[in-house]
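Novice: Given these sequences and hints, build the entire structure.
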Amino acid sequence: MNLDAPHADTAKQTNSVSHWPGVVLVGGECAAVQFGTWPSTDGRDGRATVGENCHRRRVNEFSRYKRQPMIDKIRNTLHQYAHLNRDVFTISEDADLYAYGLTSHATVNLMLGLEDAFQVEFPERMLRRRTFETIANIHESIVELTAGQPTAAS
Amino acid sequence: MPITVMSRSFGALEKAQRIGLEIAAPAADSVDREARFPSESFDALRAERMLGIFIPTEFGGGGCSIADVSAICTALGQHCSATAMIFAMHQIQVACIVRHARESEFFASYLAELADTQSLIASATSEIGVGGDTRSSVCAIERDSGSFSIKKQAPVISYGEYADAILATARRTPDSPPSDQVLVLLKRDEFTLARTSGWDTLGFRGTCSPGFMLSARATEDHILADSFADISSQTMLPVSHIVWTSLWLGIATAAVGRARAYIRAEARKSPGKTPAASVRLAEVVSKLQGMRALVNDSVRDYEVTGGEADAASGMNFAIRMNNLKLSCSTAVVDIVSQSMLICGMSGYRIDSKFSLGRLLRDAYGAALMINNDRIYGANAAMLLVSKDD
Numbered sequence: 001m002n003l004d005a006p007h008a009d010t011a012k013q014t015n016s017v018s019h020w021p022g023v024v025l026v027g028g029e030c031a032a033v034q035f036g037t038w039p040s041t042d043g044r045d046g047r048a049t050v051g052e053n054c055h056r057r058r059v060n061e062f063s064r065y066k067r068q069p070m071i072d073k074i075r076n077t078l079h080q081y082a083h084l085n086r087d088v089f090t091i092s093e094d095a096d097l098y099a100y101g102l103t104s105h106a107t108v109n110l111m112l113g114l115e116d117a118f119q120v121e122f123p124e125r126m127l128r129r130r131t132f133e134t135i136a137n138i139h140e141s142i143v144e145l146t147a148g149q150p151t152a153a154s
Numbered sequence: 001m002p003i004t005v006m007s008r009s010f011g012a013l014e015k016a017q018r019i020g021l022e023i024a025a026p027a028a029d030s031v032d033r034e035a036r037f038p039s040e041s042f043d044a045l046r047a048e049r050m051l052g053i054f055i056p057t058e059f060g061g062g063g064c065s066i067a068d069v070s071a072i073c074t075a076l077g078q079h080c081s082a083t084a085m086i087f088a089m090h091q092i093q094v095a096c097i098v099r100h101a102r103e104s105e106f107f108a109s110y111l112a113e114l115a116d117t118q119s120l121i122a123s124a125t126s127e128i129g130v131g132g133d134t135r136s137s138v139c140a141i142e143r144d145s146g147s148f149s150i151k152k153q154a155p156v157i158s159y160g161e162y163a164d165a166i167l168a169t170a171r172r173t174p175d176s177p178p179s180d181q182v183l184v185l186l187k188r189d190e191f192t193l194a195r196t197s198g199w200d201t202l203g204f205r206g207t208c209s210p211g212f213m214l215s216a217r218a219t220e221d222h223i224l225a226d227s228f229a230d231i232s233s234q235t236m237l238p239v240s241h242i243v244w245t246s247l248w249l250g251i252a253t254a255a256v257g258r259a260r261a262y263i264r265a266e267a268r269k270s271p272g273k274t275p276a277a278s279v280r281l282a283e284v285v286s287k288l289q290g291m292r293a294l295v296n297d298s299v300r301d302y303e304v305t306g307g308e309a310d311a312a313s314g315m316n317f318a319i320r321m322n323n324l325k326l327s328c329s330t331a332v333v334d335i336v337s338q339s340m341l342i343c344g345m346s347g348y349r350i351d352s353k354f355s356l357g358r359l360l361r362d363a364y365g366a367a368l369m370i371n372n373d374r375i376y377g378a379n380a381a382m383l384l385v386s387k388d389d
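Chains as they are written, first to last, in this note's numbering: chain A, 1 to 154; chain B, 1 to 389.
In case anyone wonders, no lab produced these hints; they're calculated from the structure.
If you're wondering where the values come from, they're calculated on a predicted model, not measured in any experiment.
Positions of the beta carbon are idealized from the N, C-alpha and C atoms, including for glycine.
Do not rely on the hints blindly, as some may be mistaken.
What the hints assert, rightly or not - Residues on chain B that point at chain A, a partial pick, calculated with CB under 8 Å:
1) Glu48
2) Gly131
3) Thr134
4) Arg135
5) Ala229
6) Asp310
7) Asn316
8) Ala381
9) Met382
10) Leu384
11) Ser386
12) Lys387
To be verified - A short list of chain B residues far from chain A (calculated; beta carbon distances all over 10 Å):
13) Ser119
14) Ser145
15) Asp301
16) Gly314
17) Asn323
18) Met345
Unchecked claim - Lysine to any residue pairs mimicking SDA-like chemistry, simulated, CA-CA at most 20 Å apart:
19) B:Lys387 / A:Ser141
20) B:Lys387 / A:Thr131
21) B:Lys387 / A:Glu144
22) B:Lys387 / A:Glu93
23) B:Lys15 / B:Ala25
24) A:Lys73 / A:Glu93
25) B:Lys387 / A:Glu121
26) B:Lys353 / B:Ser215
27) B:Lys187 / B:Asp133
28) B:Lys387 / B:Ile319
29) B:Lys187 / B:Ser215
30) B:Lys387 / A:Lys73
Specialist: In C-alpha cells form, the structure reads like this:
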C-alpha cells in the first residue's frame, strides 16, 4: 500500500462501501446487495442485481451525469502535461494521443496530473500505453476508479 | 560450469560452444587489434545455420527459445565479445520481425528467406539530433505511390557494412511528432551507406560501428505494422537487455575462468599453502553467480510476462528489464576488475595467457551502450507512478 498518497483513505473507502444505499463493494466490484433500491433517472425503482450487471448499471448512472465535466477535466490535464502538437480542446475523444506527440516521459506527468485532478491512484494494471492512448480510454479508466465517489468530477 | 539449465536448443548451444572455442577465440585478439569484422566466426555461424535459430520452425528456422539464445550469447561472449555482440544484435532484429510482423505476407516470406540465406540484420535506431533517445526520430518515411524513401543520419550502425539488411526507425509521416515512429526493413539492394565517422574505440572494436548517412527506398510492405512504441517496449528493449547481459555474463565468466586458472597454477607451485588471492577468487565467484542468477531470472520473466502484450508494455516489466541491464553492466566491470587483482601483473600483461586487458576494455562498454544514466532516469520517472512490484 502506498502510504505517501494523501488520498489513500478515500481510495480504500470507495473500494469497500459505495455511495448507493445498501450496496457493498468488494475490491471495487459490486459483490452483494443487502437492502434498498437503486435511485434511477427514469423514475422507476429498479431492484439492484448482483455482480457485473450491478456494476455496469452503477457506471451508467454515474457517467450520465458526470461524463462531460470529466472529459473537460481530462482535456485540461492534457493541456497542462501532455505537450501535444494539436489543440487538446478540439481533438476527438478517440484520437491517438501518441500520434499527436505524447511521449512516455509526458505520460508519467500526465498520470500524476490525472491522479491529482481526480484524487485517484492508477493501479499497476492500468499503467499501460493503451490506458492513455485516447481521451476515451482515460475517461473509461477514471470512471472505473472513481465509481462510487460522488465528488470525483466536481 | 553449466551455463544454463534451461536449454532446449537441440545442439545449437553445443555448436556455439565449439565455434566459440575453435574459431572465435583464436581470432579474438586480431579482431580486437585490427578492429575488423569477425568474418571467420560468422562464416562458421552461417555454416551451422545459427543466424536463423530464433526464427520459428514453420519458417524454416531453428525454433530456439530466448533461454537458448541467451545461453548461446554467453557461450560466444566467453571467447569473442565482438562475435557475441553482433550475433546478439542480429537476434534482436529477428525477434522484432517474428513477433511484430510475421502476420504480413511480405515478412512471412522474408523470415523464410532469412532462415534460408542466413542473412545478417543490423539496426539503425539511434540518430544524430535525438540525444541518444531511441524513442525519438528526426527522419521520416516519405511515401510515394506504394513506395517510401528514408534518409537517416545514424551516429552508429554496428556491422552496417557487413549486413544484408537493416531495420531502421523513422517518424511515421513527415508531419508526425518525433515519438510516433515505425520500424522499416531495408534490404542490401535497397539502401546505401555513406560513412560519416570511424570506429576506433576502447572495446567491442570488432563490431565495426561507425556512423553512416543511410539512404534507402523500398516498397511500403517493408514497414512493420505495429508501432515502434509497442515493438520497443514489448520486444526490442527486453530482448536487447537479455542478450546483451548474457554476453556480458560470458565476458565475466571468461575473466573468472582466467582468475581460477591463475590461482590453481599458484597453488600448484607451493602445495599446502593457499594462495593469498584465493579469498578474492571466492568473492568474485559469488558475484558471478549473482550475475548469472539475474540473467536467468530475467529470461524466465520474459518468457512468462513478455509473452503477454499488455503486461509486457507495463511499467513494472520495463523497470525490471532496465534493472537487468543496469546491474549487469556494472557487475561485469566489477568482476573483470577483481579478476585482474587476482591475476596481478599476469592479468595486466597483454602477452600472458591470463591477460584481462581486452575483457576489461570490452566490459567498460556495457554501461555506455544506452547510457546507464538515461536508463536510471527512465526508471526514476516510472517510479513516480509505478506501484509495488
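Novice: Now look at each hint and say whether the structure bears it out.
Specialist: Here is how each hint holds up against the structure:
Interface hint at Glu48 of chain B: violated, since its Cβ lies 39 Å from the closest Cβ of chain A, which is beyond the 8 Å cut-off. A hinted interface residue such as Gly131 of chain B counts as satisfied when its beta carbon comes closer than 8 Å to some beta carbon of chain A; here the least separation is about 13 Å, so the hint is violated. With 8 Å as the threshold, the beta carbon of Thr134 of chain B stays out of range of chain A, its nearest partner Cβ sitting at about 11 Å, so the hint is violated. Interface hint at Arg135 of chain B: satisfied, since its Cβ lies 7 Å from the closest Cβ of chain A, which is below the 8 Å cut-off.
Taking 8 Å as the C-beta contact cut-off toward chain A, the hint placing Ala229 of chain B at the interface holds, the least distance being around 6 Å. About 6 Å separates the beta-carbon of Asp310 of chain B from the nearest beta-carbon of chain A, less than 8 Å, and the hint is met. Hint on Asn316 of chain B holds. Least Cβ distance to chain A is approximately 6 Å, under the 8 Å limit. A least Cβ separation of about 5 Å between Ala381 of chain B and chain A falls short of the 8 Å threshold, and the interface hint therefore holds.
Annotation: interface hint on Met382 of chain B holds; nearest CB of chain A at approximately 7 Å, less than 8 Å. A hinted interface residue such as Leu384 of chain B counts as satisfied when its beta carbon comes closer than 8 Å to some beta carbon of chain A; here the least separation is about 6 Å, so the hint holds. Because the beta carbon of Ser386 of chain B sits about 6 Å from the nearest beta carbon in chain A, less than 8 Å, this interface hint is met. The beta carbon of Lys387 of chain B is positioned within 8 Å of a beta carbon in chain A (closest approach about 5 Å), and the interface hint is therefore held.
Against the 10 Å criterion, Ser119 of chain B stays outside the reach of chain A, whose nearest CB is about 31 Å from its own CB. Separation of Ser145 of chain B from chain A is adequate, the least Cβ-Cβ distance of about 23 Å exceeding the 10 Å criterion. Residue-level check passed: Asp301 of chain B sits 15 Å from the nearest beta carbon of chain A, beyond 10 Å. Residue-level check failed: Gly314 of chain B sits 5 Å from the nearest beta carbon of chain A, not beyond 10 Å.
Against the 10 Å criterion, Asn323 of chain B stays outside the reach of chain A, whose nearest CB is about 16 Å from its own CB. Non-interface call for Met345 of chain B relative to chain A: holds, since the shortest CB-CB distance, roughly 48 Å, exceeds 10 Å. Restraint check: the Cα-Cα separation between Lys387 of chain B and Ser141 of chain A comes to about 16 Å, which is no more than 20 Å; the hinted pair holds. For the proposed pair Lys387 of chain B and Thr131 of chain A, the alpha carbon gap of about 16 Å is at most 20 Å, so the pair holds.
As the CA atoms of Lys387 of chain B and Glu144 of chain A are separated by approximately 18 Å, the hinted pair is consistent with the 20 Å bound. Among the hinted pairs, Lys387 of chain B with Glu93 of chain A is inconsistent with the structure: their alpha-carbon atoms are about 28 Å apart, more than 20 Å. Restraint check for Lys15 of chain B and Ala25 of chain B: the C-alpha separation of about 14 Å stays at or below 20 Å, so the hint holds. Straight-line distance between C-alpha atoms of Lys73 of chain A and Glu93 of chain A comes to about 13 Å, which keeps the hinted pair within the 20 Å bound.
Pair hint Lys387 of chain B plus Glu121 of chain A holds up; C-alpha atoms about 9 Å apart against a cutoff of 20 Å. Proposed proximity of Lys353 of chain B and Ser215 of chain B is contradicted: the alpha carbons are some 45 Å apart, above 20 Å. About 25 Å separates the Cα atoms of Lys187 of chain B and Asp133 of chain B, which puts this hinted pair outside 20 Å; it is violated. Straight-line distance between C-alpha atoms of Lys387 of chain B and Ile319 of chain B comes to about 11 Å, which keeps the hinted pair within the 20 Å bound.
Restraint check: the Cα-Cα separation between Lys187 of chain B and Ser215 of chain B comes to about 12 Å, which is no more than 20 Å; the hinted pair holds. For the suggested pair Lys387 of chain B and Lys73 of chain A, the alpha carbons sit about 24 Å apart, so the restraint of at most 20 Å is broken.
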